[in-house]
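Enquirer: The lines below spell out each chain.
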Amino acid sequence: MTDKEILKSLRKGKNEKPIKQLYLEFSKIKKMILKNGGSEDMAKELFNDSLVLLIEKVRKPGFILTSKLTTFLYGINHYLMKNELRKQKKHNYEIEWDDTLSLPEEGLEYDFEKEEKLNSIEKTLDVISQKCKEILRLFYFQKENMKTIAEKLGFSSVNSAKTQKYKCIERASKIANQLLNSNS
Amino acid sequence: MRQELIQIEKIEQFLNNTLSVSELAAFKIEIANSSILLQQVETQDLIQQAVIRKALRGDVVNYTEGAAGATGGWSLLKLFLILGGGLMLLGLIIGSLFWNTTENSSINNSNNYQATPIAFATNANIPQQNFNSLNIPQDKSRKTENNSNEKLKKDDVKPTNNKVKVITKTCGGLNTWVKPKTQYFMVNPKKGATIEGNNGTLIIVPKNAFVNQDGSLVAEQVKLELLEALQMSEMIAYNLVTMNNDKPLSSGGMIYVQATANNIEVNINPKAPLYIEIPTDDYNTNMMSWEGKINENGDINWENPKPLIKYLNKVDFANLDFLPEGFDQAVAAGMPYKNHTEATDELVDSLYYNLGIISIENKNYANYGGGLLSDTDGPKLNVGSGYNSNISLRFFPMMWEMIRPKYIHGGKTVKGRVIDQNRKGIENVSISINQKNKTNKQKIVTDEDGYFEYTHMNNKSFTMTATKRGYSSSTGTKRRITLQQNPDMNPNLIGGTMVANNYSVDSIPTEEILQINSISTPTLSECAIDPQSIKTIIAGQYQNTFLATREFEERLKALHRMPDAQSLFEVYINNLTEDLYLSDQKVADLLSDEDKEIFLKFAAERLTNVENHPLYQEQLSEYYTKKKKEYTIAYNKQQKEYNKLSMAKLKAEEDQLNSMIKKYKELSFPRITTGSSFSSVAGTTRVSNSRSQDRKSRINAIAKLNKRTKSRFRRNIATSKNSYKTVWYQTGWMNIDAYLHSISINSEIVSIDVSVQEENKSKTKIYQCLNSIKAIIPLAIIGKLAEARFPNKSSKEAKIMSNTYCIGLSKEDGKLTMAYQKYNPYDTDQVKLTYEEINPDSLITILENLPGFNNQLINNLKAKRKFIEKTKEINKQRQEILKEINAQKKENAAAYKEIENENSFIQSLQKVIDRCGISNYNIKIEDDNLRTSRAEYMPSFPGCEMLRRDQMNECSGQKTINFIKDNISYPIECLDTEIEGQVYVYYEIGLNGKVQNSKILESVHPLLDAEALRVIRMLPDHNPGVNRGKNVIVMYTFPVVFEIEEDDKAL
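Protein chains in written order, with my numbering: chain R, 13 to 196; chain C, 272 to 1322.
Hints may contain errors.
Chain R stretches covered by chain C per the calculated footprint, using a threshold of three residues with CB under 8 angstroms from any CB of chain C [claimed, not checked]:
#, stretch
1, 26-34
2, 60-70
3, 171-184
No wet-lab data here; the hints were simulated from the structure.
Here the structure is a predicted model, which is why all the values come from computation and not from measurement.
Ideal placement from N, C-alpha and C gives every residue a C-beta, glycine not left out.
Just need the whole structure built from these sequences, with the hints factored in.
Expert: Structural data, given as structure tokens:
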């Protein structure tokens, strides 16, 4: 797959092939993370995070790839690793990184606060019912229209599917607000 | 759609840019004016993104092989990081009190046990035998049996060859005064049988126990005939004198056993003899087993004595009771305790075995440093060679192994396990995490398998110290067994590399040893036996030692009462291979006075060691298992009955029993005096009607009394009443007897006027009956006199003679006459007998009820009274405890009430174990299924109920932490004075989901305690925990950490 094909596929929500291809880079990235004092587990986690971030970026309207996709991936990993070390307050880090493409933080639009919030909200999504999860996933991630969703999930009408969706959001935001408020 | 949902729709359109321009402008203004709306928009935005991210993450994990699982925990852990602020609260939810009740082994109802009693010779329906003369053999009795039972009619005599012996005589040809109460059992010789006689005789018939006259195995059903004569009354009625030629004996019980197949006598297989136990209340070590030989006159003589079995029978530990006497009572007195209303066996055991003495002696500790690590083959006592060597039963050597140190975002997770020398997990070990210059930073506690997990959230090095709290026996103060490990010192942990192999710490820092050595422990200071030692025994490999016997159970009961019991107990443990009586002797040597007497008595039994009876073992253990269950049920039922009664009713019941005992003594067969009331002499009978009526009613009353008090506990195996054991190779009469030397030598002679006319002499017998030792001596009649011999008045044995009867029995023309006289040979030298006709049916009853003649009835009544006394005692104890609690409750703050309640209960238990009052116990209570720390579905914090089970727990824990963090306020007084610490709060989520029974487990400062408790009590109602579809109470221990940040301190 070329970079172009990968981007196209990712935008359509067909993630399997692109992810599998990008995963080929993992062994190299892992080596670099280990070299810089990370662990195997950490490497896995960072790499997975980087894939998520990458796909999110790609899916955003107006995203333009300015380098090779793999270079971009290395860059994200590099950034996440730095972040990790910063968290551990090893200020005098000097990361050895092949294939350097240092992304400026603004370029990645990586917002700490938001990331933390997102993480906790991701957690709260487990609380809502299976049907809710499915509706939200189909609508926001798969970008299915409400009619298809209503058919797929066996709702009597599009309207009742819609109502259900909003109820789900209501419930999720209730929990999320509780969580966010308690954290702030 | 509801207004709220419309709002959500609008926000969604806004976020997805599907609003029209005008709508958008209006909405933007709305947002600007409402912070609530703004927040909702932000939240909804985040939710949308989160949905996408979650899905993406799912894809990523799915499509990258082997990466799954790594993402599980860390996002939540990050949440920990962003908490913080003025004070830091970290919490752990620990299931600390968990008890898994082991189920009682069920009773095995094997076919073996079902030897069916097929007929009884009862008095009413059977045609009376005619005793024409004592000298005529009673050959009619067999016919009578056949008539009495239809089943037996089928078993007609079928002689197969000329050699077979056809049974023609009952009871081996013995002349008896009344018809014997023979019991019959049908036995399948291929299966064997376990037979229990009506009076408690146990006969184990192994497989293939019978052979025909030609030596071949019997294949047909065998009819086993059993006659028990365990009481004096039966012995007299059956003319069973206790003589070995002219030497008197003292009997422990006689039985007659006969086996027939198709009415043809069969022999006992010498390779599979019968095993016989005869119960006794008064074990005499000189007893032997004797064979009864019947002479031509139909009288018995005992010959060929053989020693009894003195070795021990193994019993399953489950059937032994090793708890100190009174412990169950103390538990019962403490009821209701928590949610228990009854002191069940399980609860009693659980409480006892969880009272543990933790102490370390120097010697033991040296052992620890030595080689305990290599002892990994399951439970093992370090048994030394000599008596003084210590065994390492009493302490918990701890070590730990790290299982999975793991690097996670922002820190590291250390998974590990604290284990003992047997690699068994040690539960409830507190592990405190110490960072440089900071102590009490965090504390975790191992679960019931010793596992712990700790996540260290920064990069500073830290030290982990495991502590098991205990008490020093000598100083009475809390002390700790400590183990230290600094994970950072292990290179495997640096950089967070996964460690594939477990490793264990096998050395202790020297300063720790020094610290422990500085506590001086006097040797052998423990008063009580450590329940843990006993727990070790019954859990271990001791089933094949003398520990697993009823005899040891009896010794242990006595040991519990001794001073320095643990060391005495260890005498037995250290000499398992030697004979039991040697240990008895050693223990006796260490004791003095009355205590010494007890163990000297044990030693005198000269019991050897366990031996395998492969032939009987299975049936024996089955029998005792069954008996134990029967006994327990009966006992509990009785106890329960009394527990229901109020004190006043109990008192009434007791009074009634006392009056019954008194009445019984009055009711007894009246003393016959000379004069007009004397109505008959042997052979001629003229009983006045009124007198006969009077007697009849008395006998009825006695029978009634007897029925009421019939003992349900004839063979009380739980308290190990001894029995005489023997293996028997032939059928016929057997007697457990000992020589009665005291009468033979230096005896005094008392003349008795037996009032027998010359023509009746041959039909009359005079017995001298020594009740207290069960001896029946026939007296020769010379003229009208008989001479009885007694030990010299000054001799030791004279005392037992004060309860002597002279009994005369005579039979003519089917009429039985009897005369008796109780006399004290040292007061009178002349005794006169007078005869009365009696119904043969009531002979045994009359004899039984002679005063002091048969103590069974009195014993039964007394046993019943004992029950009542016990119940009263329990009630009394409970009242005392209640008083104590009430007094304490007034003094203490509300939060401490429950703890005190429990403590006093535990203390009352300790008092029972430890009569010297010098030991300290580690108090730990475990509980039953209803109250648990591990429910299948743990209670969930509102909002977490929708999650998967594992996530739910995480969610609930997190929410609890957040809730506490949000609601707690650091008491200003403590801030000023910089009081920090960790308050352990115990609470339960009840069946209705509400927080209940919250209390302080570990206090820091009253203000901090109160604050912690206050917040815990504010927790919202949970969804209750569920176990197997049933709501359960779930217990939590929550450490609330009060800590002032360095910055705040500076201010």
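Enquirer: Between the stretch 26-34 of chain R and chain C, see if three or more residues pass the 8 angstroms beta-carbon test, and mark the coverage as holds or violated.
Expert: holds (count 4)
Enquirer: With a C-beta cutoff of 8 angstroms, work out whether three or more residues of the stretch 171-184 of chain R approach chain C closely enough for the coverage to hold.
Expert: holds (count 7)
Enquirer: Examine the stretch 60-70 of chain R for residues whose CB is less than 8 angstroms from any CB of chain C, and state whether their number is three or more.
Expert: With 5 residues in contact (Cβ-Cβ under 8 angstroms with chain C), the coverage given for the stretch 60-70 of chain R holds.
This entry satisfies every hint, going by the numbered hints stated previously.
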